[in-house]
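J.: With the sequences and hints as input, model every part of the structure.
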Amino acid sequence: MEFKPRIVAFLCNWCSYTGADLAGTSRMEYKANVRAIRVMCSGRIEPTFVLKAFINGADGVLVCGCHPGDCHYQEGNYRCLRRFLLLQKYTKQMGLETERLKLEWISASEGKQFAELVNSFTETITELGPCKIKETMKVLM
Amino acid sequence: MEESKPKLKLAIYWASACGGCCVSVLDVHEKLFDVIAAADLVFWPIALDIKYKDVEGMPDKHIDLTLFNGAVRNSENEHMAKLLRAKSKILVAYGSCSHLGGIPGLANFSTKEELLRRVFIETESVINPDKVLPLPEYEVKEGILNLPEFYNDVRSLSQVTEVDYFIPGCPPQTERLLEVFTAIVTGAELPPKGSVIGADIKTQCDECIRNKSENKRIKKFYRPWEIEDDGVSCFMEQGVICMGPATRAGCGYRCIKGNAPCRGCYGPPPGVADPGAKMMSAIAGIIDEKEPEEIRRVLEDVVDPAGSFYRFSLPVSLIRRKLV
Ligand code: SF4
Ligand code: SF4
Ligand code: SF4
Ligand code: FES
Numbered sequence: 001m002e003f004k005p006r007i008v009a010f011l012c013n014w015c016s017y018t019g020a021d022l023a024g025t026s027r028m029e030y031k032a033n034v035r036a037i038r039v040m041c042s043g044r045i046e047p048t049f050v051l052k053a054f055i056n057g058a059d060g061v062l063v064c065g066c067h068p069g070d071c072h073y074q075e076g077n078y079r080c081l082r083r084f085l086l087l088q089k090y091t092k093q094m095g096l097e098t099e100r101l102k103l104e105w106i107s108a109s110e111g112k113q114f115a116e117l118v119n120s121f122t123e124t125i126t127e128l129g130p131c132k133i134k135e136t137m138k139v140l141m
Numbered sequence: 142m143e144e145s146k147p148k149l150k151l152a153i154y155w156a157s158a159c160g161g162c163c164v165s166v167l168d169v170h171e172k173l174f175d176v177i178a179a180a181d182l183v184f185w186p187i188a189l190d191i192k193y194k195d196v197e198g199m200p201d202k203h204i205d206l207t208l209f210n211g212a213v214r215n216s217e218n219e220h221m222a223k224l225l226r227a228k229s230k231i232l233v234a235y236g237s238c239s240h241l242g243g244i245p246g247l248a249n250f251s252t253k254e255e256l257l258r259r260v261f262i263e264t265e266s267v268i269n270p271d272k273v274l275p276l277p278e279y280e281v282k283e284g285i286l287n288l289p290e291f292y293n294d295v296r297s298l299s300q301v302t303e304v305d306y307f308i309p310g311c312p313p314q315t316e317r318l319l320e321v322f323t324a325i326v327t328g329a330e331l332p333p334k335g336s337v338i339g340a341d342i343k344t345q346c347d348e349c350i351r352n353k354s355e356n357k358r359i360k361k362f363y364r365p366w367e368i369e370d371d372g373v374s375c376f377m378e379q380g381v382i383c384m385g386p387a388t389r390a391g392c393g394y395r396c397i398k399g400n401a402p403c404r405g406c407y408g409p410p411p412g413v414a415d416p417g418a419k420m421m422s423a424i425a426g427i428i429d430e431k432e433p434e435e436i437r438r439v440l441e442d443v444v445d446p447a448g449s450f451y452r453f454s455l456p457v458s459l460i461r462r463k464l465v
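Residue numbers (my numbering), protein chains in the order written: chain Y, 1 to 141; chain S, 142 to 465.
Don't read these hints as lab results, they were simulated from the structure.
If you're wondering where the values come from, they're calculated on a predicted model, not measured in any experiment.
One or more hints might be untrue.
The calculated lysine to aspartate or glutamate pairs, modelled on DMTMM-like cross-linking and capped at a C-alpha distance of 25 Å, are [to be verified]:
| # | chain 1 | residue 1 | chain 2 | residue 2 |
| --- | --- | --- | --- | --- |
| 1 | S | LYS360 | Y | GLU116 |
| 2 | S | LYS353 | Y | GLU29 |
| 3 | S | LYS361 | Y | GLU75 |
| 4 | Y | LYS132 | S | GLU255 |
| 5 | Y | LYS102 | S | ASP445 |
| 6 | Y | LYS31 | Y | GLU127 |
| 7 | S | LYS194 | S | ASP205 |
| 8 | Y | LYS134 | S | ASP445 |
| 9 | Y | LYS134 | S | GLU254 |
| 10 | S | LYS253 | Y | GLU127 |
| 11 | S | LYS192 | S | GLU283 |
| 12 | Y | LYS138 | S | GLU254 |
| 13 | Y | LYS138 | S | GLU290 |
| 14 | Y | LYS138 | S | GLU219 |
| 15 | S | LYS343 | Y | GLU46 |
| 16 | Y | LYS92 | S | ASP429 |
| 17 | Y | LYS102 | Y | GLU116 |
| 18 | Y | LYS52 | Y | GLU99 |
| 19 | S | LYS230 | S | GLU217 |
| 20 | S | LYS431 | Y | GLU135 |
| 21 | Y | LYS89 | S | GLU367 |
| 22 | Y | LYS102 | S | GLU430 |
| 23 | Y | LYS92 | Y | ASP70 |
| 24 | Y | LYS102 | S | GLU441 |
| 25 | S | LYS463 | Y | GLU97 |
| 26 | S | LYS357 | S | GLU255 |
| 27 | S | LYS357 | Y | GLU75 |
| 28 | S | LYS398 | S | ASP347 |
| 29 | Y | LYS92 | S | ASP371 |
Here's a subset of chain S near chain Y, in silico, CB distances under 7 Å, partners left out [said to hold, decoys possible]:
| # | residue |
| --- | --- |
| 30 | VAL267 |
| 31 | GLY412 |
| 32 | ALA414 |
| 33 | ASP415 |
| 34 | SER422 |
| 35 | ALA425 |
| 36 | ILE427 |
| 37 | LYS431 |
| 38 | ILE436 |
| 39 | VAL444 |
| 40 | PRO446 |
Ideal Cβ positions, reconstructed from N, Cα and C, are used throughout, including at glycine.
T.: What follows is the structure, given as C-alpha cells:
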C-alpha cells in the first residue's frame with residue numbers, strides 16, 4: 001500500500017495561518033496530507049504539543065510562525081525558535097530523525113511559499129517512511 | 142497502650158531498586174520503635190527471612206500496607222508487584238523508581254540486546270569467550286534451572302498493576318514517610334486513591350529558598366562544577382540547570398540546601414504531563430539570544446537534555462524509551 005504521511009502543522013494565527021489560507025484561496029496545489037492546527041502565536045506552541053502529535057501518529061510536524069521581527073506579540077517567534085532548537089536536540093537523542101520536525105517562517109502573503117514548503121516536507125517524510133514512535137510506544141515489555 | 146487494637150501488617154519490598162529506599166525506612170532511627178509498636182513487619186527481604194512462598198500463602202488483602210520500592214525490569218519484579226497487589230489492602234509506590242521508573246528507567250535509552258551485550262560480553266572486566274548470555278530457562282542433568290526474564294522496557298509500578306498511593310523521592314524524605322505512616326495508623330482520612338502523598342502540590346521554585354529576580358537572562362549554561370556558586374541566587378539565573386521548575390516540592394529542598402541544583406527526583410508537579418517538555422520551555426524562556434547560531438551555541442552547554450530532564454522519569458514520560 002502506498003504510504004501517505006500524516007503531517008501536523010502548527011500555524012500562528014496572524015501570519016502563517018493566513019499564508020496557508022491564501023495558498024488555499026488562490027487554488028495553489030499542495031498535498032492534502034497536512035492537518036493544520038491554528039494557534040494564536042508560535043510562542044504558544046509547547047514542546048508537549050509536538051510530542052503528543054508524534055505519539056498520536058504524526059509522521060512529521062511543521063511549526064510555522066511570523067518572520068523574525070514580525071510577531072504580533074513581539075517576541076513569540078523567538079521563544080518558539082529557542083524551544084524548537086532544544087526540542088530538536090532532545091528528539092534526536094530519542095532516535096527521531098531530525099527531518100521529521102521542521103520550523104519555517106511564513107508571512108501572510110507567502111501562500112506560494114507555504115504550498116512549496118508543504119510539498120517539499122511531504123516529499124521528505126514520504127522518503128523517510130512511517131514514523132516508528134507510535135509503534136514503539138505501543139509495546140510495554 | 143491500647144492492647145486490644147490489632148497491629149497493622151506492614152510489608153516492604155524492593156524490586157529493581159538500589160536499596161536506598163529500604164535504608165530510608167531505617168532512617169526513621171529511634172522512631173522505628175514506634176513503627177514496630179504499631180505494626181508487624183510481615184515481609185521485608187532486606188531485614189527478615191520471609192520467603193516468596195510465605196507471601197504466596199497469605200490470604201488476599203492480608204497485608205494492610207505495602208511499601209513497594211524499585212522499578213519493574215524483569216519477570217520476578219512483575220510477579221512480586223502483582224502478588225503484593227493481591228495481598229495488600231494499600232499498595233504504595235515508594236520512591237522514584239517505583240513511582241516513575243527512576244534511575245533504573247534510564248535503561249530505556251538502550252534495548253535489551255544492547256544491555257546484555259554490554260554487560261555480559263563487552264565490559265572490560267568480563268571474560269566470556271563463548272558469549273554466554275543469561276537465559277530464562279536452562280537444562281542441566283539435575284533438571285531445569287530458571288532465571289527471571291529480563292524485559293526490554295523498564296516500567297513503573299503503576300504501569301504493571303493498580304497503585305493506591307505514590308510517595309515520591311529518591312529516596313523519599315523519611316519525615317514524610319512517618320507522616321503518611323502515622324496517618325494510616327491513626328485511621329486519619331486518606332486522600333483519594335491514585336494520589337501522590339508525602340509531597341506538595343507546588344513546584345520547587347514556588348517556595349525555593351534561593352533568591353529569584355524578575356530578569357532571568359542567560360547567555361551561557363554551566364555544569365555545576367564549572368562555576369563558583371554564590372550560594373544565594375537561583376541556580377538557573379546563574380546558568381546552572383536546575384529541575385526546580387518541573388519538579389514537585391516536598392523534599393525540603395534537600396539538594397538546594399546542600400548547594401546543588403535539583404535533579405528532579407520528586408517528579409513532575411500536578412498538571413505537568415512531561416517534565417522534560419516543561420524544562421525545555423523553562424530553559425528556552427531564559428536564553429538571551431535571537432539568532433539561530435547563537436541559540437545553538439548556548440544549547441551546546443545543555444549537554445544531555447534527555448538524560449538530565451528525564452533522569453528519574455523516563456519510563457512514564459511521553460516518549461518513554463528510545464525509539465527502536
Ligand atoms: S528511588 Fe532512589 S533510593 Fe529508592 S530504590 Fe530507587 S534509586 Fe534507590
Ligand atoms: S530553578 Fe532551582 S534554584 Fe531556582 S528557584 Fe527553582 S528550585 Fe530554586
Ligand atoms: S531537591 Fe530535587 S533532586 Fe533533590 S531531593 Fe529534592 S526533589 Fe529530589
Ligand atoms: S504571532 Fe505569528 S509568531 Fe507570534
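J.: With reference to the structure, classify each hint as holding or not holding.
T.: Tested hints:
| no. | hint | verdict |
| --- | --- | --- |
| 1 | S:LYS360 x Y:GLU116 | 35 Å, violated |
| 2 | S:LYS353 x Y:GLU29 | 52 Å, violated |
| 3 | S:LYS361 x Y:GLU75 | 20 Å, holds |
| 4 | Y:LYS132 x S:GLU255 | 19 Å, holds |
| 5 | Y:LYS102 x S:ASP445 | 21 Å, holds |
| 6 | Y:LYS31 x Y:GLU127 | 15 Å, holds |
| 7 | S:LYS194 x S:ASP205 | 18 Å, holds |
| 8 | Y:LYS134 x S:ASP445 | 24 Å, holds |
| 9 | Y:LYS134 x S:GLU254 | 21 Å, holds |
| 10 | S:LYS253 x Y:GLU127 | 29 Å, violated |
| 11 | S:LYS192 x S:GLU283 | 23 Å, holds |
| 12 | Y:LYS138 x S:GLU254 | 19 Å, holds |
| 13 | Y:LYS138 x S:GLU290 | 20 Å, holds |
| 14 | Y:LYS138 x S:GLU219 | 19 Å, holds |
| 15 | S:LYS343 x Y:GLU46 | 20 Å, holds |
| 16 | Y:LYS92 x S:ASP429 | 24 Å, holds |
| 17 | Y:LYS102 x Y:GLU116 | 14 Å, holds |
| 18 | Y:LYS52 x Y:GLU99 | 17 Å, holds |
| 19 | S:LYS230 x S:GLU217 | 21 Å, holds |
| 20 | S:LYS431 x Y:GLU135 | 36 Å, violated |
| 21 | Y:LYS89 x S:GLU367 | 22 Å, holds |
| 22 | Y:LYS102 x S:GLU430 | 20 Å, holds |
| 23 | Y:LYS92 x Y:ASP70 | 29 Å, violated |
| 24 | Y:LYS102 x S:GLU441 | 20 Å, holds |
| 25 | S:LYS463 x Y:GLU97 | 12 Å, holds |
| 26 | S:LYS357 x S:GLU255 | 41 Å, violated |
| 27 | S:LYS357 x Y:GLU75 | 15 Å, holds |
| 28 | S:LYS398 x S:ASP347 | 15 Å, holds |
| 29 | Y:LYS92 x S:ASP371 | 34 Å, violated |
| 30 | VAL267 | 26 Å, violated |
| 31 | GLY412 | 11 Å, violated |
| 32 | ALA414 | 6 Å, holds |
| 33 | ASP415 | 6 Å, holds |
| 34 | SER422 | 6 Å, holds |
| 35 | ALA425 | 4 Å, holds |
| 36 | ILE427 | 9 Å, violated |
| 37 | LYS431 | 5 Å, holds |
| 38 | ILE436 | 5 Å, holds |
| 39 | VAL444 | 10 Å, violated |
| 40 | PRO446 | 4 Å, holds |
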